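Novice: Based on these hints, arrange chain B on the given structure of chain A.
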Amino acid sequence: MTLSLFDQFLSPALMGVPLAAAALALPWALFPRPTLRWVNNRLLTLQNWFFGQFAQQIFLPINIAGHKWAVLLTSLMLFLITLNTAGLLPYTFTPTTQLSMNMGFAVPLWLATVILGMRTQPTHSLGHLLPEGTPTLLIPVLIIIETISLFIRPLALGVRLTANLTAGHLLIQLVSTATSVLLMTMPVLAVLTATLLFLLTLLEVAVAMIQAYVFVLLLSLYLQENV
Amino acid sequence: MTPCPTMHLLLLFPSFPAATPPAPVKMADRPVPVAEKRLMDVKLGELPRWLAGRNWSPNGLVGGVLGGYDRYYNKYINVKKGGIGGVAMFVFGYVVLSYVWDYEHLKHDRWRKYH
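Chains A and B, in that order, are what the protein sequence lines are. Numbering-wise (the working numbering), the first sequence opens with residue 1 and increments by one. Numbering-wise (the working numbering), the second sequence opens with residue 228 and increments by one.
If we strip away everything but chain A, and leave its shape as in the complex, we get (with noise of 0.2 Å):
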């Protein structure tokens, strides 16, 4: 049997349930439903606070009528950050480097801030098609190019998440490999690769929190063009 670079972002299903939907279950069981009390445990207060910051960051520049979408994106945000550093541990399945889950993500989402655009201010959605200030010769041009970067926007969404966690796991993979060949036949220089993985782990880790906050926060941004 050939094995690819490829086979770790298979799915196998263990009698008939494919190990995505564990996955897919982890953040549920990570966040325990907030009580009623004053004082919550730990993890609760730690959870809470990042919420609040978090919120409180993200919706800061957008106004009120934007602010019906705060619980859609912090979960969102939650969602995405669990699953790209839960996929970081050994063995597990990252949802996240399927293209399709994460077009699933954001071509509904961005669609809906433009639909609410155009509902809304339809004039003013129309106009961010045109910077200020732009040459008047210019203009047909520019709005062909402001519309196809319009549209450009989910497909960017979508696969900015998954080229980047894709990839990650990849240069984990080839980088480690690289450094248990290399143990047996040259182990100082295996001790450079080792390093070099120490590192690209470490990097991996803030990638996989970085591009769940630039997801959720481009949202935003188009939110807050739009409402």
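Rather than coming from a laboratory, the hints here were simulated on the basis of the structure. Treat the numbers as computed from the prediction; the structure is a model and nothing was measured. Among the clues, some could well be false.
[What the hints assert, rightly or not] Chain A side only, calculated, beta carbon under 8 Å to chain B, not exhaustive:
hint	residue
1	6
2	10
3	19
4	26
5	29
6	85
7	87
8	119
9	134
[Claimed, not checked] Derived Cβ-Cβ restraints for the label pairs, each shown as a range:
hint	chain 1	residue 1	chain 2	residue 2	range
10	B	265	A	17	23 to 33 Å
11	B	257	A	108	25 to 35 Å
12	A	33	B	336	32 to 42 Å
Glycine included, C-beta positions come from ideal geometry on N, C-alpha and C.
Specialist: Frame of chain A; chain B shown alone:
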């Protein structure tokens, strides 16, 4: 005359063993049907009967999962000074579960001379 002649004897020997009332049966000694026992109290031979007595309907399975989650949560996380242990054990269990789930695929990742 006294109605009970042995009462004189009782006065002479106050510690004479009189008929004591039967000891009350404690709650813990009463026999319990196997299906209602907790898992740790079920004997090995009784295990199939215990399993047959559990609720395997979808509602029952969901209830079992949520009950298990609640028990773990209240024991390790919803405590006054919870540490990293509660979450760490859970995450480790998740890693082990992922390994078991993937085993059929992972067993092909062995050291080979030629790939």
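Novice: Any hints from earlier that this structure breaks? Give me their numbers in increasing order, please.
Specialist: 1, 6, 7, 8, 9 and 11
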